[in-house]
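K.L.:
Each chain, written out:
Protein chains: 2
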Amino acid sequence: MSIKNFTAYNPTRLHFGEGVIEDLGKTVKQYGSKVLLVYGKESVKKYGYYDQVARQLTGAGIQWIEYAGIKPNPVIEDVRKAAAFGMENGVDVVLALGGGSVIDSSKIIAATIATGIEPWDIVSWKNHPQQSLPLICVLTLAATGTEMNAAAVVQNEKTQEKLGYVNPLMFPKESFLDPQYTITVPADYTSYGIVDLIAHALEAFYGGGEPSVVDKITLSIIKDAMETAPRLMADLSNYDLRAAIMLDATLALNGLTSYGKTGGDWGVHGIGHEISLLFDTPHGATLSIAYPAWLKLQKERIPERILFMGKELFGATTVDESIAQLEAFFASIQSPVKLSDIGLADKTSAILAQLNRNKVSGMHHALTEEDHKVLVELMW
Amino acid sequence: MSIKNFTAYNPTRLHFGEGVIEDLGKTVKQYGSKVLLVYGKESVKKYGYYDQVARQLTGAGIQWIEYAGIKPNPVIEDVRKAAAFGMENGVDVVLALGGGSVIDSSKIIAATIATGIEPWDIVSWKNHPQQSLPLICVLTLAATGTEMNAAAVVQNEKTQEKLGYVNPLMFPKESFLDPQYTITVPADYTSYGIVDLIAHALEAFYGGGEPSVVDKITLSIIKDAMETAPRLMADLSNYDLRAAIMLDATLALNGLTSYGKTGGDWGVHGIGHEISLLFDTPHGATLSIAYPAWLKLQKERIPERILFMGKELFGATTVDESIAQLEAFFASIQSPVKLSDIGLADKTSAILAQLNRNKVSGMHHALTEEDHKVLVELMW
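Taken in sequence, the protein lines are chains H and B.
Count along the first sequence from 1, then add 948; that gives the number in the working numbering.
Count along the second sequence from 1, then add 948; that gives the number in the working numbering.
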C-alpha cells in the first residue's frame, strides 16, 4: 500500500505572526493562574522578549515564578530542579520562552509536575505520565518544530544518553510564533536551525512508506527553506524571510511529513545526538556533518530514493550529485560538513566508541558497528 | 509581509487506512453512550458499511437511533428533523456515515441538539452556537474535506440560498477514513470528488496572501491528485489510488492550504452553489464548469498568478495555456466543463438572475453583475 495506515492528531493552537504576543496574557489565563516561566540564557532579557511576556502576564493578573538557565543541549538536572520548584509553588501552567531546548525541557517539566514521576524515567520511556500540566510556548528560534509536536529530547550526562520521548500529552496547548522574535538569532544558529528543519524533513523522507503526496509536501518544505536560506543569511533582519523559515521549521516536524508513513528514520539524529553529548556541539551543526555521510553510506542501498530527492531539490541526475549538492548547500550557509570543520578531526575514535556503545541506529535503515566505522570515516 | 498572521488549529483525530473501522466502537464510547447515526442513501447498506458501523456500536454496547435520507445537496429540513429526533431521544453523540452532505448536515445537527437554536439561524450566521455535541465521522467519499474541518454547507430551498458556515466547535472529534469505503463510488462521483478537492486547493491558491511554502504545498496536493486521477478513473477499485485521492481531499481543505493567507477566495464555489441550488447539479460538476470560466474572467486581472499555477502544474508558458490545460484535465476525467455538457445550455438567464440575486462574489476577487454576465457566457 502506498499510503500506510496512520493516525493524524495535533491539537496545538499556533498563533503565527508579528505581534501575536498581545494575546498571550488572556490565553494563559484560560489555563491557570500560577505560571512556571522557563527560559534559557539571559538573551531573552537583553532583547526584550522577557519584558513583553512579563507585561502580558502582569496585565492578565497572572502570578508567576521562574526557572532560568536551560542549556542549549538541555540536561535532565535542570528539568528535575525546575519541576521540583514548580511543585513546591503549586503552579498550574508551564510557560516556555525560548527555542527547542527550553520547550523540550518544559514538556518534561510539565509532565513531572503533574505526576511526580522521576523525569529521567519519562525521557527513557520507563514510566509514561498519564497527565501533564498545560504547556504554552513562546518561540524564539526557528529550528526544531517542538512548538507543534509532542516530542522532547533531553540528555543525561551521568548515563551518557541523549534520548527522545514522545507522548501526545506533551503537545503544547498554544504556541506563539512571532518571526520578529527570531531576528536577533545570530548567523550560526540561524544556519543550524535551517539545517535542523531540513534534517527533520529528510528523516521523514527516508522513513518508512512509499512515495505519495506527503513526499511532495516534504520536498516542498525543504525546497522553500533552501530557496529562502541564502537570502536570509545575507539579510538576517528580514521579517519575511524569518517568517518563511519559521513556518518551514514548524511544518517539517508537526506530523504532516509522516502521514501515511511508518515514522521517520532518525538514524542521522541519533548520530548527531551522540556528538552533541560528547562535545556539546550545537544540534544543527552535527546534522550537516552527519547527513551527507549517512547518504554516502546508504547510496548503494537506496539509490532511487536518494536520486528522487536530488532530482526534486537540485535537478541532480546522479546519486553522487544529489549528495554532493546537499553537502554543498549546508556548506553554503556556513554549517560544518566535516568533523574537521569544528575541530573534532582527532575525536573519531571517541565518536565511534560512543556510537557503538549506544547502538545508534535508524528505525528503517539499521546501522551496524561496521556502518558506524564507515560513517565516522565519512564525517572526518 | 509574505506570510500573513494566522492561527492554525485543528483538533480532529484522523484514523486513516484499511480496517480503521475496527476502532470505531471503543472510540465512540469515549464520547457518549447514545448515538444519533446520520446517513444518506441506502447505498451504505448495500455495500455493507452500515453493517460494519452497526457491529461496532453493538460490540461496544452503544445504543443508537438513526436518521437516514440526507440528500446529496443537503437541505435544512433534514437537519431540522434529524436534530429534533436527536433531542427527543436524548442522544449525546452524533455519528455521520457518508460523504460531505451527511457530515456537513451532521455538524449543524450536533450544534442544534446541544443548543436548541433554529438550524437555519446557525447556517446563515445569525446565531452562533457556543456548544455542540461531539461529532464522529465515517467517510465514504473523497471530496469535500469536511472530515477534518469546521465548515458546513447546507441549502434552504425556501429562501433559495446555499450557505457555508464555519465554527471551530464543529471540528469532528474523530474521523475514520478507510479508502476501501470509497471503492464503490461510481466513476462520475469519483470524478466530481477529484474536481472538488482541486477546486478547494485552487480557492486557497487564489485567496489572499503572497507566494510562500503554502503555495508550494497547495500545488503539490493538486499535482498529486492530477497524477493519480487518470490512473484511478481507469482502475476504480485500486486501493492505493483511492487512498491517494482520499488523503489529497483531506489535505486540500483542513486549514493547511490557508496558513499565512487571509482566507481563500470561494467565488467559484459561490457560482457552483447557485447552479446546484437551481438544478440539483452535483457540486463537483458545477466546479469544473465554473473554474475555467472564472479563470478566463480573471486572466487580465491576475495573469502572473494564473501563469504560476499553469507553469507548476502543466509546464504551461502562457496564461491561456494554463487555463486550457486545467479545463482539459477536468474534461479528461469526464467532468463537465460547459453548461451544455449537462443539458443546461438554455438556463443561462436563470443562472444569471440567481447570481445577481444572491450577489455571488469572492472574498478576494469581487464579482460584479457585469462579471456574472461574462461568467455565464463563458460557462455556456
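The hints are simulated quantities; they were obtained by calculation from the structure and are not laboratory data.
It should be emphasised that the depicted structure is a prediction, and the values quoted were computed from it without experimental measurement.
Incorrect hints may have been included.
Identical chains blur together in the list; that is why a pair holds if it fits in one copy or across any two.
[What the hints assert, rightly or not] Pairs of lysine-lysine residues, derived as DSS-like cross-links and limited to a Cα-Cα distance of at most 30 Å, are as follows:
#  : residue 1 : residue 2
1  : 1321      : 994
2  : 1244      : 993
3  : 994       : 1295
4  : 1321      : 1286
5  : 1321      : 952
6  : 952       : 974
7  : 994       : 1074
8  : 952       : 977
9  : 974       : 1164
10 : 982       : 1244
K.L.:
Each hint needs a verdict: does it hold in this structure or not?
P.N.:
Verification of the supplied hints:
In this homomeric assembly, residue 1321 and residue 994 never come within 30 Å of each other (Cα to Cα): the closest approach is 44 Å inside a single copy and 60 Å across copies. Proximity of residue 1244 and residue 993 under a CA criterion of 30 Å is satisfied in neither setting, with 43 Å inside one chain copy and 54 Å between copies. In this assembly of identical chains, residue 994 and residue 1295 lie within 30 Å of each other by CA distance neither inside one copy nor across copies; the values are 36 Å within and 68 Å between. In this assembly of identical chains, residue 1321 and residue 1286 lie within 30 Å of each other by CA distance solely inside one copy; the values are 15 Å within and 65 Å between copies.
Taking CA atoms no more than 30 Å apart as the test, residue 1321 paired with residue 952 passes in neither setting, with 33 Å inside one copy and 48 Å between copies. For the homomeric pair residue 952 and residue 974, the shortest alpha-carbon distance between copies (22 Å) is at most 30 Å, but the shortest distance inside one copy (41 Å) is not. In this homomeric assembly, residue 994 and residue 1074 never come within 30 Å of each other (Cα to Cα): the closest approach is 39 Å inside a single copy and 48 Å across copies. When the C-alpha separation of residue 952 and residue 977 is checked against a cutoff of 30 Å, the pair qualifies only between copies, where the shortest distance is 26 Å, while the shortest distance within a copy is 40 Å.
When the C-alpha separation of residue 974 and residue 1164 is checked against a cutoff of 30 Å, the pair qualifies neither within a copy, at 38 Å, nor between copies, at 34 Å. Proximity of residue 982 to residue 1244 under the C-alpha cut-off of 30 Å is found in neither arrangement, the shortest distances being 51 Å within a copy and 58 Å between copies.
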